[in-house]
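Going down the list, the protein sequences come from chains A and B. Numbering that gives the first Met the number 0 applies: residue 0 is where the first sequence begins, and numbers increase by one. Numbering that gives the first Met the number 0 applies: residue 0 is where the second sequence begins, and numbers increase by one.
It is possible that part of the hints are untrue.
[Unchecked claim] Pairwise CB distance ranges (calculated):
(1) Leu-70/B with Gln-154/A: 29 to 35 Å
(2) Asp-24/A with Asp-67/B: 47 to 53 Å
(3) Pro-115/A with Lys-65/B: 33 to 39 Å
[To be verified] Partner residues aside, some chain A positions facing chain B, computed with beta carbon under 7 Å:
(4) Trp-58
(5) Phe-59
(6) Gly-60
(7) Thr-75
(8) Ser-78
(9) Gly-92
(10) Asn-95
(11) Lys-96
[To be verified] Here are the simulated lysine-lysine pairs, PhoX-like style, with alpha carbons at most 25 Å apart:
(12) Lys-145/A with Lys-209/A
(13) Lys-216/A with Lys-161/A
(14) Lys-145/A with Lys-163/A
(15) Lys-119/A with Lys-206/A
(16) Lys-54/B with Lys-96/A
(17) Lys-26/A with Lys-387/A
(18) Lys-105/A with Lys-54/B
(19) Lys-184/A with Lys-241/A
(20) Lys-54/B with Lys-119/A
(21) Lys-213/A with Lys-163/A
(22) Lys-31/B with Lys-96/A
(23) Lys-161/A with Lys-206/A
Derived from the structure by calculation, the hints contain no laboratory data. Quantities reported herein were computed from a predicted structural model and do not represent experimental measurements. Even for Gly, the Cβ is constructed at its ideal location relative to N, Cα and C.
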Amino acid sequence: MSTIRVLVGTKKGAFILTADGTRRDWKISGPHFAGWEMYHLKGSPVDPNRIYASQTSGWFGQIIQRSDDGGKTWNTPGSSPEDLSGPGGFPKGESNKFVYDGEVGKHLWYDGTQHPWEFKRIWHIEPSLTDPDTAYAGAEDAAIFKTTDGGKTWQELSGLRKTKSHLWQPGAGGMGVHTILLDPKNEKRIFIAISAGGCFRTDDGGKTWKPITKGLKSPYELPDPDAEVGHCVHRIALHPSKPDVLFMQKHWDVMRSDNAGDQWNEVSGDLPSDFGFPIDIHAHEPETIYVVPITSDSLHYPPDGKLRVYRSKTGGGDWEPLTKGLPQKDCYVNVLRDAMAVDSLDQCGIYFGTTGGQVYCSPDGGNSWNAMAEHLPAVYSVEVQTLK
Amino acid sequence: MIRVVLPFHLRNLARVDGEVELEVAAPVTIGKILDALEENFPVLQGTMRDHGTLKRRAFIRFFICKEDWSLESPDKLLPEEILNGIEPFLVVGAMAGG
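This is chain A alone, in the form it adopts within the complex (with noise of 0.2 Å):
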């Protein structure tokens, strides 16, 4: 039988949670790096015992962390005991130099003045489809970075910062890179999202990107609601079949592009708020997608107390809310954008953390959920692994 392995972020440390296919009772391991931030953790899939984790804190800056046997030990990378006694010498302790590359440049800061850029952290890590040694980091303040070297070095791809980059600036949490997609049918194009860039796309591989914003309209936060950059893009996903596919939870509105990102069109539909935060889609229907609602850019809970995932199986504008097992009172979570994601299992399982410490597991596509933790820190990310 499969194991569904569960890499939870938190505010407080990292959580590994354990179970077999039925998805019932789940073996919690943690916390892993206890008291720090645990923006990310997200395995290979080629190697799914090579898991990448961006531990970071405020007073001692970023690390990154490599595990090789599933997260049961980690080192930094170029640390471990083989890389200290290997013919390379002494490791460099680089993994977590993450330095902008040439002149570092300054974007839009909250009062209108141009602020330079300065590295604080890595939200996300996305492992190479291909290669376990190859992954990107998003970084804020806005960039990504690249390792061929297991984490061991990182180089910024900064051709992403030339691209109208003085217009970006932070929203609340700050300015990062926050989704990284790469394409699984064409390895040249990589999609990336900012708060609040927007949204880019590279076909070569990362040498330039270009906006793909059209169609986007952000009345309440730009003073030109059609700009090409400084949309408050909170997520975008694909799906692996069909790439050319977007979708995205914007500060408000969900879109879909049909075209690679090159034309956007609005299918909030019927949702009870189209201000949210992660989008994911299901494992083996393209088209069925899953938001959570939250009431408004000033109310960061669920509307009327309720959790609801609200799931559409027609890629948009029409929406069914999933409540079976989920708080439907009293409920003030937040549903943080990295923190839903799906398995691979033949029945779907569909997974999300929340800032109140609960993560929530529907092993039947969203019909009914159960919760796997209920206390820990605020959940930051979630990820899973589907294991033979």
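Once you have looked at the hints, place chain B on chain A.
Just chain B, lined up with the frame of chain A:
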């Protein structure tokens, strides 16, 4: 021998218990102690001072003989009590929260 006390999270990162003892050649300064720390524990690079600029991270403090030396020059000579190990060199995470 220089005695160094690291904060909890940096001890965990460096995988050490208790104090760290370092040989640091004269003249001993904060900068040279940090150099020695990072050489012995590369994982600490970037955690107390920034890569490249070597500027102290904003929420890191250096306490010496019951005084806060965080704003002192990293090249300032340290007192005898540090050099002969009577007093430890303290790396401290700045007070925050409430």
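Evaluation of the provided hints:
Restraint check, Leu-70/B to Gln-154/A: a C-beta distance of roughly 34 Å satisfies the suggested window 29 to 35 Å. Judged by the Cβ atoms, the range 47 to 53 Å given for Asp-24/A and Asp-67/B holds: they are separated by roughly 52 Å. Separated by about 36 Å at the C-beta atoms, Pro-115/A and Lys-65/B satisfy the suggested range of 33 to 39 Å. The restraint placing Trp-58/A at the interface with chain B holds, with a minimum CB-CB distance near 4 Å, inside the 7 Å limit.
Proximity of Phe-59/A to chain B holds as hinted, the smallest CB-CB distance being about 4 Å (cut-off 7 Å). Because the beta carbon of Gly-60/A sits about 5 Å from the nearest beta carbon in chain B, less than 7 Å, this interface hint is met. For the restraint placing Thr-75/A at the interface with chain B, the shortest Cβ-Cβ distance is roughly 5 Å, inside the 7 Å limit, so the hint holds. Proximity of Ser-78/A to chain B holds as hinted, the smallest CB-CB distance being about 6 Å (cut-off 7 Å).
Annotation: Gly-92/A was flagged as interfacial toward chain B, and the flag holds, the nearest CB pair being 3 Å apart, inside 7 Å. At about 5 Å, the closest approach between the beta carbon of Asn-95/A and any beta carbon in chain B falls short of 7 Å, and the interface hint on this residue holds. Evaluation of the Lys-96/A hint against chain B yields a held restraint, the C-beta minimum of about 5 Å falling below 7 Å. Proximity of Lys-145/A to Lys-209/A is assessed by CA-CA distance (about 18 Å); at most 25 Å being required, the pair is judged to hold.
With a C-alpha separation of about 23 Å, the suggested pairing of Lys-216/A with Lys-161/A holds against the 25 Å cut-off. Simply put, Lys-145/A and Lys-163/A have alpha-carbon atoms about 21 Å apart, close enough for the 25 Å limit, and the pair holds. A threshold of 25 Å between alpha carbons decides the hint, and for Lys-119/A with Lys-206/A the separation of about 23 Å falls inside it, so the pair holds. Among the hinted pairs, Lys-54/B with Lys-96/A is consistent with the structure: their alpha-carbon atoms are about 14 Å apart, no more than 25 Å.
Taking the CA atoms of Lys-26/A and Lys-387/A, the gap is about 17 Å. The hint holds against a cut of 25 Å. A hinted pair counts as satisfied when its Cα atoms are at most 25 Å apart, and Lys-105/A with Lys-54/B qualifies at roughly 20 Å. Taking the CA atoms of Lys-184/A and Lys-241/A, the gap is about 9 Å. The hint holds against a cut of 25 Å. Restraint check for Lys-54/B and Lys-119/A: satisfied, since their Cα atoms lie roughly 14 Å apart, inside the 25 Å limit.
The suggested pairing of Lys-213/A with Lys-163/A holds, with an alpha-carbon distance near 15 Å, which does not exceed 25 Å. Proposed proximity of Lys-31/B and Lys-96/A is supported: the alpha carbons are some 20 Å apart, at most 25 Å. Among the hinted pairs, Lys-161/A with Lys-206/A is consistent with the structure: their alpha-carbon atoms are about 10 Å apart, no more than 25 Å.
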